[in-house]
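Chains as they are written, first to last, in my numbering: chain U, 82 to 201; chain C, 82 to 201.
Any given hint could turn out to be false.
[To be verified] Keeping only pairs whose Cα atoms sit at most 25 Å apart, straight-line, the calculated SDA-like set for lysine to any residue is:
| # | chain 1 | residue 1 | chain 2 | residue 2 |
| --- | --- | --- | --- | --- |
| 1 | C | LYS137 | U | LYS84 |
| 2 | U | LYS84 | C | ASP174 |
| 3 | C | LYS130 | U | LYS189 |
| 4 | C | LYS99 | U | GLY135 |
| 5 | C | LYS137 | U | LYS189 |
| 6 | U | LYS154 | C | GLY135 |
| 7 | U | LYS144 | U | LYS189 |
| 8 | C | LYS96 | U | LYS154 |
[Unchecked claim] Output of the computed footprint for chain C on chain U, the stretches with three or more beta carbons under 8 Å from beta carbons of chain C:
| # | segment |
| --- | --- |
| 9 | 110–122 |
| 10 | 157–166 |
Read the hints as simulated data drawn from the structure, not as lab findings. Every residue gets a Cβ at the ideal spot worked out from N, C-alpha and C, and that includes glycine.
Number of protein chains: 2
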Amino acid sequence: MAKEEDPKQVILVRKDLKLGRGKMAAQVAHASVSAYLEAVEHAPKVADKWLMEGQKKVVLWVKDEHELFDLYKSVPKKIPTAVIADAGLTQLDPGTVTCAAIGPWTDKDIHKLTGHLKLA
Amino acid sequence: MAKEEDPKQVILVRKDLKLGRGKMAAQVAHASVSAYLEAVEHAPKVADKWLMEGQKKVVLWVKDEHELFDLYKSVPKKIPTAVIADAGLTQLDPGTVTCAAIGPWTDKDIHKLTGHLKLA
Chain U
82 MAKEEDPKQV ILVRKDLKLG RGKMAAQVAH ASVSAYLEAV EHAPKVADKW
132 LMEGQKKVVL WVKDEHELFD LYKSVPKKIP TAVIADAGLT QLDPGTVTCA
182 AIGPWTDKDI HKLTGHLKLA
Chain C
82 MAKEEDPKQV ILVRKDLKLG RGKMAAQVAH ASVSAYLEAV EHAPKVADKW
132 LMEGQKKVVL WVKDEHELFD LYKSVPKKIP TAVIADAGLT QLDPGTVTCA
182 AIGPWTDKDI HKLTGHLKLA
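If we strip away everything but chain U, and leave its shape as in the complex, we get:
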């Protein structure tokens, strides 16, 4: 079972964009790498622990850009995050925000922020 202090990462994806699955996976990966790099810089112990324990990741839906930013703004500054805007080369307008990663950080703190969201 997951313990409260086990690190995890959640990635919030905008459901309203109806991204193709390959596109969505690439955007989620971009968010995951970027927030991991934030963690390496600002919370290196958590970053290491997350890697050692198998990089637990959960992908969750947010309704739209509004819900994404509302949630993002509520994240305490100590928690590593990354917001991803698409370069707009293919399916989307340039600069469209597609997803955001929160963590790696403790399961407990992340659950408080995102426990109400549904699995994508």
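Fit chain C to the known structure of chain U by using the hints.
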């Protein structure tokens, strides 16, 4: 336009598993982070360049585990790679190989290996 020496990463996903889109995105992100870490260790200049240039990623279908491993075995050793097996907690049997990342590495070399595959 992409130049031949620009670094990119491709992630091969098994189409036969019919993964849910959130599950697929999480597996692709796992592969992406893992191959990036390989690159940091064995090809740090390419890893840096890839980050600086926006982490170009492309998600491609492979038919099944056989096609995934055939392709994986053909990748020259200098190119960073990662194969991801699912922990089997949810949709899959434990140890099921879901995807593999190749790169970051030069567009040119990766295209030779995966140019025949379709976008996921």
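Results of checking the hints against the structure:
A threshold of 25 Å between alpha carbons decides the hint, and for LYS137 of chain C with LYS84 of chain U the separation of about 34 Å lies outside it, so the pair is violated. Restraint check for LYS84 of chain U and ASP174 of chain C: satisfied, since their Cα atoms lie roughly 23 Å apart, inside the 25 Å limit. As the CA atoms of LYS130 of chain C and LYS189 of chain U are separated by approximately 35 Å, the hinted pair breaks the 25 Å bound. Taking the CA atoms of LYS99 of chain C and GLY135 of chain U, the gap is near 23 Å; set against the 25 Å cutoff, the hint holds.
Of the pairs offered as hints, the one joining LYS137 of chain C and LYS189 of chain U is violated, with about 32 Å between alpha carbons and a cut-off of 25 Å exceeded. Between the alpha carbons of LYS154 of chain U and GLY135 of chain C the distance comes to roughly 24 Å, so the proposed pair stays at or under 25 Å and holds. A hinted pair counts as satisfied when its Cα atoms are at most 25 Å apart, and LYS144 of chain U with LYS189 of chain U qualifies at roughly 23 Å. Distance restraint check for LYS96 of chain C and LYS154 of chain U: the Cα-Cα separation of roughly 37 Å exceeds the 25 Å cut-off, and the hinted pair is therefore not satisfied.
For the segment 110–122 of chain U, the proposed coverage by chain C is satisfied: 8 residues have a C-beta within less than 8 Å of a C-beta in that chain, meeting the threshold of three. Residue count for the segment 157–166 of chain U with a Cβ under 8 Å from a Cβ of chain C: 0. That is fewer than the three needed, and the coverage hint is violated.
Comparing the model with each numbered hint stated earlier shows that hints 1, 3, 5, 8, 10 do not hold.
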